[in-house]
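Protein chains: 2
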Amino acid sequence: MITKREAKLIKSLQLKKFRSQEGVFVVEGEKNVFELLNSSLEIIKVFGSENFINKHAALLESENTTVESSKGSEISTISFLKTNNNALALAKIPINTPMEFDNDYVLAFENLQDPGNLGTIIRTADWYGFKNIICSQDSVDCFNPKVIAATMGSFARIKVHYVDLKAFIQNQNLPVYGALLSGKNIHQTSFKEKGILLFGNESKGISDSLKTCISEEILIPAFGQAESLNVSMATVVFCDNLRRVQNSQ
Amino acid sequence: MITKREAKLIKSLQLKKFRSQEGVFVVEGEKNVFELLNSSLEIIKVFGSENFINKHAALLESENTTVESSKGSEISTISFLKTNNNALALAKIPINTPMEFDNDYVLAFENLQDPGNLGTIIRTADWYGFKNIICSQDSVDCFNPKVIAATMGSFARIKVHYVDLKAFIQNQNLPVYGALLSGKNIHQTSFKEKGILLFGNESKGISDSLKTCISEEILIPAFGQAESLNVSMATVVFCDNLRRVQNSQ
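Just so you know, the sequences run in chain order A and B.
Counted from 1, the first sequence has number 321 at position 208 by the working numbering; the numbering is strictly sequential.
Counted from 1, the second sequence has number 285 at position 172 by the working numbering; the numbering is strictly sequential.
Don't take each hint at face value.
To be verified - List of simulated lysine-lysine pairs, BS3-like, C-alpha gap at most 25 Å:
1. A/Lys195 <-> B/Lys124
2. B/Lys195 <-> B/Lys121
3. A/Lys129 <-> B/Lys195
4. A/Lys158 <-> A/Lys168
5. B/Lys259 <-> A/Lys195
6. B/Lys259 <-> A/Lys168
7. B/Lys297 <-> B/Lys129
Stated by the list, open to error - Pairwise CB distance ranges, derived in the manner of DEER restraints:
8. A/Gln338 <-> B/Ile157: 50 to 56 Å
9. A/Ala170 <-> B/Ala335: 36 to 42 Å
10. B/Ala171 <-> A/Lys297: 35 to 41 Å
11. A/Lys297 <-> B/Gln359: 18 to 24 Å
12. A/Ile157 <-> B/Ser153: 53 to 59 Å
13. A/Lys184 <-> B/Ala335: 51 to 57 Å
14. B/Ser320 <-> A/Leu128: 37 to 43 Å
15. B/Ser295 <-> A/Lys324: 38 to 44 Å
Stated by the list, open to error - Residues of chain B clear of chain A, computed beta-carbon distances all greater than 10 Å:
16. Leu122
17. Phe131
18. Val137
19. Leu173
20. Asn177
21. Glu187
22. Ile208
23. Ala238
24. Ser249
25. Tyr275
26. Gly296
27. Gly308
28. Ala335
29. Asn343
30. Arg356
For the record, the hints were derived by calculation from the structure and aren't laboratory data.
Bear in mind the structure is a predicted one, so any value in this text is a computation, not a measurement.
Note that the Cβ used here is the ideal one computed from N, Cα and C, for glycine as well.
Could you put together the complete structure from these sequences and hints?
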């Protein structure tokens with residue numbers, strides 16, 4: 114049974130204001146809750162259907178998780194997803210997460226706005242073996258339920274850091290690769306050992322202020338007439354080309 | 114002034130049933146309506162803000178388009194988009210569109226469900242110079258307003274054909290490249306002159322029935338722990354690798 118108080122809390126966590134206030138975020142759907150259970154994130158409570166609880170009984174027990182057996186219809190009612198009658202969890206937003214780049218490239222995003230894009234980017238980063246993502250402070254919050262949903266569990270492995278992006282980039286003293294229409298063909302780019310891949314806002318691209326930080330202007334070559342690629346598409350193309358080049362060296 | 118009858122019609126066109134019945138679909142937002150005006154698609158009516166009409170006056174006149182000057186607030190009310198107070202158009206769904214592959218590769222999708230994915234795929238296809246997309250008949254409708262919105266104007270250039278996918282593939286007698294976890298690394302794939310790139314459903318992937326049609330099993334190599342890539346991400350990786358290899362030959 115999900116109490117009225119819990120339902121109210123969960124509903125409020127759609128908004129960043131209440132997530133910050135409570136230090137809590139919502140994880141929804143079987144895949145995402147399963148990945149949460151397998152992560153080092155601190156879980157407050159899991160609301161699971163009988164089916165979910167039976168399927169993951171061993172994991173729930175070994176993690177010593179507080180579980181509430183709930184009806185599918187109850188979970189549907191509180192879930193933000195269109196179809197989720199399986200599982201929903203409350204977890205603590207981690208604080209002071211250290212940045213560890215392991216000598217790898219850094220993915221950096223300026224003023225990313227669409228939660229679906231950030232979620233997909235987190236999933237892509239996880240596929241291509243990145244551990245951290247850097248976002249400007251005006252970007253969409255990574256604990257937004259729509260972001261979490263789109264990560265398909267990768268939120269549990271990828272750390273998103275919100276920083277003053279320009280200051281961050283200037284402090285790193287690394288080559289900065291930015292997607293610009295005037296750039297060099299990415300298919301012919303030999304990436305340096307370390308660097309930053311920089312992406313801009315969905316409609317405005319990279320701001321003039323940050324463009325000055327770009328040391329390597331890169332073009333994803335177009336063969337048709339679309340004016341641009343979606344930022345999450347550009348991200349996957351950069352990641353794929355980078356890993357291909359790194360692996361052939 | 115948008116009449117009650119028009120508002121009712123527009124609202125009904127969210128559903129495929131009414132789009133098929135009326136043979137009409139909705140195009141929303143400045144970029145999409147602009148691309149519609151530049152296309153050969155038959156336009157029924159454009160509802161534009163004063164700003165939109167002034168900006169595109171010459172184009173609207175040269176196309177002899179029926180335009181209704183509308184208040185931004187009126188457009189907002191009828192639009193399915195969160196923020197659109199600029200332009201909305203009604204256009205005729207084209208019939209009997211011929212398939213013309215120009216000896217190029219074919220992008221084929223089985224049981225694609227998410228309108229955002231199909232929209233992004235149409236935009237990606239347009240970026241990489243494809244003209245046609247093939248979908249199984251149980252895939253999401255390409256005239257769904259969410260698909261149109263996500264194409265960022267590319268709906269006006271890319272033709273989507275709904276076919277019996279297995280019969281279509283078997284009739285083509287072309288190599289079929291399918292993304293499978295057991296496949297050959299795409300970074301080391303030398304694509305043949307012509308072929309079909311085949312993608313499956315968002316959660317189930319390619320069905321067993323269609324897997325039997327795959328002649329070239331391809332793997333997008335993973336460097337991290339995500340279980341899969343989103344289908345639109347996989348599409349852009351295939352397109353990018355294909356064009357890179359074709360251009361270096």
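Taking the hints in turn, this is what the structure says about them:
1. For a cut-off of 25 Å, the pair hint linking lysine 195 of chain A to lysine 124 of chain B stands: about 20 Å separates their Cα positions.
2. Taking the CA atoms of lysine 195 of chain B and lysine 121 of chain B, the gap is near 18 Å; set against the 25 Å cutoff, the hint holds.
3. Proximity of lysine 129 of chain A to lysine 195 of chain B is assessed by CA-CA distance (about 19 Å); at most 25 Å being required, the pair is judged to hold.
4. Restraint check: the Cα-Cα separation between lysine 158 of chain A and lysine 168 of chain A comes to about 17 Å, which is no more than 25 Å; the hinted pair holds.
5. Proposed proximity of lysine 259 of chain B and lysine 195 of chain A is supported: the alpha carbons are some 16 Å apart, at most 25 Å.
6. Proposed proximity of lysine 259 of chain B and lysine 168 of chain A is contradicted: the alpha carbons are some 35 Å apart, above 25 Å.
7. For the hint linking lysine 297 of chain B to lysine 129 of chain B, the alpha-carbon distance of about 39 Å lies beyond 25 Å, and the restraint is violated.
8. Checking the proposed 50 to 56 Å range against glutamine 338 of chain A and isoleucine 157 of chain B shows it is violated: the Cβ atoms sit about 24 Å from each other.
9. The beta-carbon spacing between alanine 170 of chain A and alanine 335 of chain B, approximately 29 Å, falls outside the hinted interval of 36 to 42 Å.
10. Between alanine 171 of chain B and lysine 297 of chain A, the C-beta spacing of about 36 Å keeps the proposed range 35 to 41 Å intact.
11. Separation of lysine 297 of chain A from glutamine 359 of chain B is about 19 Å and conforms to the stated range, judged on CB atoms against 18 to 24 Å.
12. Between isoleucine 157 of chain A and serine 153 of chain B the Cβ separation comes to about 57 Å, which falls inside the hinted range of 53 to 59 Å.
13. A C-beta distance of roughly 37 Å is found between lysine 184 of chain A and alanine 335 of chain B, which places it outside the suggested range of 51 to 57 Å.
14. Checking the proposed 37 to 43 Å range against serine 320 of chain B and leucine 128 of chain A shows it holds: the Cβ atoms sit about 40 Å from each other.
15. Checking the proposed 38 to 44 Å range against serine 295 of chain B and lysine 324 of chain A shows it holds: the Cβ atoms sit about 43 Å from each other.
16. Distance to chain A confirms leucine 122 of chain B as a non-interface residue, since its nearest Cβ pair spans about 26 Å, more than 10 Å.
17. The claim that phenylalanine 131 of chain B lies off the interface holds: its Cβ sits roughly 21 Å from the closest Cβ of chain A, which is beyond the 10 Å cut-off.
18. With a closest Cβ-Cβ approach of about 25 Å to chain A, valine 137 of chain B is found to remain outside the 10 Å limit, as its non-interface label requires.
19. With a least beta-carbon separation of about 20 Å from chain A, leucine 173 of chain B lies farther than 10 Å from that chain, consistent with its non-interface assignment.
20. Consistency note on asparagine 177 of chain B: stated as away from chain A, and its beta-carbon is indeed over 10 Å from all of that chain's, at 24 Å minimum.
21. For glutamate 187 of chain B, the requirement that its beta carbon stay farther than 10 Å from each beta carbon of chain A is met, with the minimum near 24 Å.
22. The beta carbon of isoleucine 208 of chain B sits about 24 Å from the closest Cβ of chain A, which is more than 10 Å, so the claim that it is off the interface holds.
23. Not every CB of chain A lies more than 10 Å from the CB of alanine 238 of chain B, the least distance being 7 Å, so the non-interface label is violated.
24. For serine 249 of chain B, the non-interface assignment is confirmed: its Cβ lies about 21 Å from the closest Cβ of chain A, beyond the 10 Å cut-off.
25. Under the 10 Å C-beta cut-off, the non-interface status given to tyrosine 275 of chain B relative to chain A holds; the minimum distance is some 22 Å.
26. With a least CB separation of 15 Å from chain A, glycine 296 of chain B remains clear of the 10 Å interface cut-off, as annotated.
27. The Cβ of glycine 308 of chain B lies farther than 10 Å from every Cβ of chain A, with a closest approach of about 16 Å, so its non-interface assignment holds.
28. Distance to chain A contradicts alanine 335 of chain B as a non-interface residue, since its nearest Cβ pair spans about 5 Å, not more than 10 Å.
29. A beta-carbon of chain A comes within 10 Å of the beta-carbon of asparagine 343 of chain B; the shortest separation is about 6 Å.
30. Not every beta carbon of chain A lies more than 10 Å from that of arginine 356 of chain B, the smallest distance being close to 6 Å; the non-interface claim is violated.
The structure shown violates the earlier hints numbered 6, 7, 8, 9, 13, 23, 28, 29, 30.
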